[in-house]
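Each chain is listed here by its residues.
4 protein chains.
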Amino acid sequence: MIDLNAIVSKIGADMAAMEDRGRVADYIPQLGRVDPQQFGMAVVTAAGDTYQTGHASTPFSIQSVSKVFTLAIALGRLGEALWKRVGVEPSGHAFNSILQLETEAGIPRNPFINAGALVVTDSILAGHAPRETLGEILRFVRMSAGDDSIHINRNVAASEEAHGHLNRALANFMMSHGTLQNAPDLTCGTYFHQCAIEMNCLQLANAGRFLMGGNAGQNLISAEKVRRINALMMTCGHYDGSGEFAFRVGLPGKSGVGGGILLIVPGKASVAVWSPGLNRRGNSRLGTMAMERLANATGWTVFV
Amino acid sequence: MIDLNAIVSKIGADMAAMEDRGRVADYIPQLGRVDPQQFGMAVVTAAGDTYQTGHASTPFSIQSVSKVFTLAIALGRLGEALWKRVGVEPSGHAFNSILQLETEAGIPRNPFINAGALVVTDSILAGHAPRETLGEILRFVRMSAGDDSIHINRNVAASEEAHGHLNRALANFMMSHGTLQNAPDLTCGTYFHQCAIEMNCLQLANAGRFLMGGNAGQNLISAEKVRRINALMMTCGHYDGSGEFAFRVGLPGKSGVGGGILLIVPGKASVAVWSPGLNRRGNSRLGTMAMERLANATGWTVFV
Amino acid sequence: MIDLNAIVSKIGADMAAMEDRGRVADYIPQLGRVDPQQFGMAVVTAAGDTYQTGHASTPFSIQSVSKVFTLAIALGRLGEALWKRVGVEPSGHAFNSILQLETEAGIPRNPFINAGALVVTDSILAGHAPRETLGEILRFVRMSAGDDSIHINRNVAASEEAHGHLNRALANFMMSHGTLQNAPDLTCGTYFHQCAIEMNCLQLANAGRFLMGGNAGQNLISAEKVRRINALMMTCGHYDGSGEFAFRVGLPGKSGVGGGILLIVPGKASVAVWSPGLNRRGNSRLGTMAMERLANATGWTVFV
Amino acid sequence: MIDLNAIVSKIGADMAAMEDRGRVADYIPQLGRVDPQQFGMAVVTAAGDTYQTGHASTPFSIQSVSKVFTLAIALGRLGEALWKRVGVEPSGHAFNSILQLETEAGIPRNPFINAGALVVTDSILAGHAPRETLGEILRFVRMSAGDDSIHINRNVAASEEAHGHLNRALANFMMSHGTLQNAPDLTCGTYFHQCAIEMNCLQLANAGRFLMGGNAGQNLISAEKVRRINALMMTCGHYDGSGEFAFRVGLPGKSGVGGGILLIVPGKASVAVWSPGLNRRGNSRLGTMAMERLANATGWTVFV
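Chains as they are written, first to last, in our numbering: chain A, 1 to 304; chain B, 1 to 304; chain C, 1 to 304; chain D, 1 to 304.
The following block holds chain A by itself, in its conformation from the complex (with noise of 0.2 Å):
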């Protein structure tokens, strides 16, 4: 029998005592100034229990989380037309990586490297209002969290327009070979906001249950695509630190630079984990290791 609570707990005791946090992002100065000292984890299972430790109720940017919800859209909206677009395959690179796009004719390697996730929030755009389309998925995400208080901080939007270069160039390389199809600046406006979504770890954990399979999961979308999605979270879900992620923890995850973790348990629970300094692949330091004990301590894998 697992003791949840005593696991949980302990993590987040172990946690706190870490020296080494990484590095907080800081490529836009409103992520640079959160707090490194934070850890927060949240728990829920296929049951309906929730567990939590440390800093689980203050909200965080789930930056790069929101793919996750934006490619559960656009699979809901297009179908596997979505493929034509972008690919399923782990980059090799690093998240934010032009090369690729260059030798494979402007269409990202995956839905969750920013380039791929351009081109998902261009195809949940198509043509609409910017402001339509951030409505849109911020209804699924309070939906999905059971949580209507969730919203955009827009200090956070405007500090990723103001230092957005790399995201434009993406963009704008995209759309030099046809690959998007809204203007670069909606495109990216667009995707800026829905980076700034903010959570704590208990939104987060319930945001994700729709993952989990099986009944447990809210019928948001079905079986298939939820399959799916969670094969391309393991594969592809910690940019080019998947492979050791799945190593490691050996569950389906996505890692957002603010220090935010989306961990799913097929058909057991929904885990959120929190703590903004980063390892050198991007992915939060703490979370990482978090995951790793909360993987060994439950025995949960997918792979025994």
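Hint data in this document are derived by calculation from the structure and do not stem from the laboratory.
Don't take every hint at face value.
Keeping only pairs whose Cα atoms sit at most 20 Å apart, straight-line, the calculated DMTMM-like set for lysine to aspartate or glutamate is [as the list claims (entries may be wrong)]:
#, chain 1, residue 1, chain 2, residue 2
1, D, LYS225, C, GLU292
2, D, LYS268, D, ASP3
3, C, LYS225, D, GLU292
4, C, LYS10, C, ASP20
5, A, LYS225, B, GLU102
6, B, LYS225, A, GLU292
So, partial list: chain C residues that the calculated Cβ filter (under 10 Å) puts toward chain D [as the list claims (entries may be wrong)]:
#, residue
7, TRP83
8, GLY213
9, ALA223
10, VAL226
11, ARG227
12, ASN230
13, MET233
14, ASP240
15, ALA246
16, VAL304
Fair warning: this is a prediction, and the values are worked out from it, not measured in the lab.
Backbone N, C-alpha and C fix where the C-beta goes; we use that ideal spot for every residue, glycine too.
Based on the hints, put chains B, C and D in the right spot on chain A.
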């Protein structure tokens, strides 16, 4: 209740009727001569039941599927020290690419691309004679399959020796970076012979049982190592088509250029399929399709 | 004694008879509409004599040939400081490639690939209004050519603005690395207009006189700068075809995607050629052939 | 009137006083042991006058400077057919890079990077015994230098054999693409020995006379071939520092990792310099500086 007999038979019949069988590997003459009209499949369940269809008793060259067995041996021998010489990340490049070796200091991305597999073989070789090392590899394969008749096809090995310039380039390149420890010709010679091991689908499905985990395995290696090898098969087992295999099939597997694929259903089954024609990623075309149909028909997946 | 009159006429006649004229650039509609049957050539000697053939008086879009003039202006303005922001090495990649920007910290390889030319234009812009900067560029070109009628084709500039996503990608990418100092849209806008300058062969040959060196030049820039610009034209003036141009023609030159080439015979002549069809490297097909014939017939080369 | 005696002496004195001498190549032990305090220079004019300073009579390993001589032999033997197996473009990468071989079908970019030089040597070897081919190379070098005492340092050659894994990787890689025609070990063995030819500055300057062109050369090869070899030295002679050498020195040259540089002043002089310490591009640090000072002091340049 899953009717595996009917499912496997149906897949066999469907595959027999397929017209586009992909392209047989022709980088060595011995492989190029294999008849592409062949297809075989074998399923061994945790309960010990066996199901088969088509040319399930015809021996084929397992080629890169052998990398699973040498990895298991090397992990048992070196443990975590192995990961100083080879990584655990998908490469984002072809199985025989040399690009990342140059930009990443001669350390191959993972043990399933050619460069990484050469490192694994080199780590087992460790100063011994190639003949001894090949003996050890064969013993492991025979024990896992429970079949002492499994052997190396000397003609195929000789053909690889005669046309193995690309692998020699990889080995010499890594030698110049200090990644290898034995003379490149010895490591390559051992590697060419390990790739020339012959099995049929029944033998290969049996040989994969130790990766099922739980009581199903034969305790050849620890549960932790099973978990890690399966994770690597999931993220890297099909070269630059690993993401798509995870996306479509949702189970860890390892393919070989001879047209074989070993698939693991954790806790449930070990599956082998063989059809010599390859798709553009270098994986068996019909084999990949057959595995996807098997996953869909049985509901086997690690992702829901 | 070289009979330039006969040589130039013969080249004109030979080129008029050529069937394979390469492919007209079509990345912007305005360029795609140009008649590929045109060919013109003009030679201006150090003594001031002029020779011409074919469509030597037909204006064309000088495109990347403009990079020679902006480089001369920037060198005069910034001197050696320019080389902190752009290199002097051939790239080994296409003129519009973004690959090396990522692996080389956002510093373009040389001032004649697109990324490098954007840096040069950005360095002249330096906080001024694009209109002012374009005025300065036009003044330099008109003075060097001795012709105040030279102007910018506004339709071509507008067409570049509408289809300039790739250059915007390069500019935004360099902005994210701090290589550019003005807003990417301003730098790109200025660059698009400079590329849309129109000249005919006679005007362009005259405009190149300042690079002949010796007393032949008009002292627009110092001999040392002439030497360096010619060196860059030799090693980088024809993108990834620069080595072959040096190998076949043996003289410094700069090509443009509009089909123009400016060639410098140090101490002896300035030559302009124009034919809109391009070879696979993006340089004028007939223009390159004509320059090789001119070099062979006159014995002009810097290498013997 | 140029006072070459004073100029060369002044350069010798200036270089003797330099403190930062770069780093001696240590990829083979035999080269790593050379005393970095040495500097020598020799100038041979078209009129046959000779000027020297420093250690101009101390023999050194010419290494990649040998590529000029093998290229001359191969061009005499194969003519234009050579260019089907090796290109004429600068690579934009390090001298020993394998990257472009993979993306460009195993055809090296030019005959002066290692891969290209291996192709040149392979084309001379052409089924003969390495000993015969080395005899032919030595005869060419001795004839051009007018000195039958020039020889191969067997210790250096043996050291290269023992540490030549990277060149073996290049050769095997090209063999897998069909670019080479002899067994990689034979081609590499011949190449290692050609690199181990020893000369002093006086010998090397004399050996370069055939590239001066005009009556100055000794008619070893045609004027057209002289032109082409000089063009290649200009665009590719200093690896990924060729652009800067053209930019600063403005004359064709070829460097070697032993610290030697051969410089050609078309129609005027052949110059050799040697100092073992290298700059970050792998070219002699003091040698490059000395050549720039020589060009500035004499006004020798092909670009004005």
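How the hints compare with the structure:
no.: 1; hint: D:LYS225 x C:GLU292; in the structure: holds (15 Å)
no.: 2; hint: D:LYS268 x D:ASP3; in the structure: holds (14 Å)
no.: 3; hint: C:LYS225 x D:GLU292; in the structure: holds (15 Å)
no.: 4; hint: C:LYS10 x C:ASP20; in the structure: holds (18 Å)
no.: 5; hint: A:LYS225 x B:GLU102; in the structure: violated (38 Å)
no.: 6; hint: B:LYS225 x A:GLU292; in the structure: holds (15 Å)
no.: 7; hint: TRP83; in the structure: holds (9 Å)
no.: 8; hint: GLY213; in the structure: holds (4 Å)
no.: 9; hint: ALA223; in the structure: holds (6 Å)
no.: 10; hint: VAL226; in the structure: holds (6 Å)
no.: 11; hint: ARG227; in the structure: holds (4 Å)
no.: 12; hint: ASN230; in the structure: holds (4 Å)
no.: 13; hint: MET233; in the structure: holds (9 Å)
no.: 14; hint: ASP240; in the structure: holds (6 Å)
no.: 15; hint: ALA246; in the structure: holds (4 Å)
no.: 16; hint: VAL304; in the structure: holds (4 Å)
Consistency with the previously given hints fails for number 5 only.
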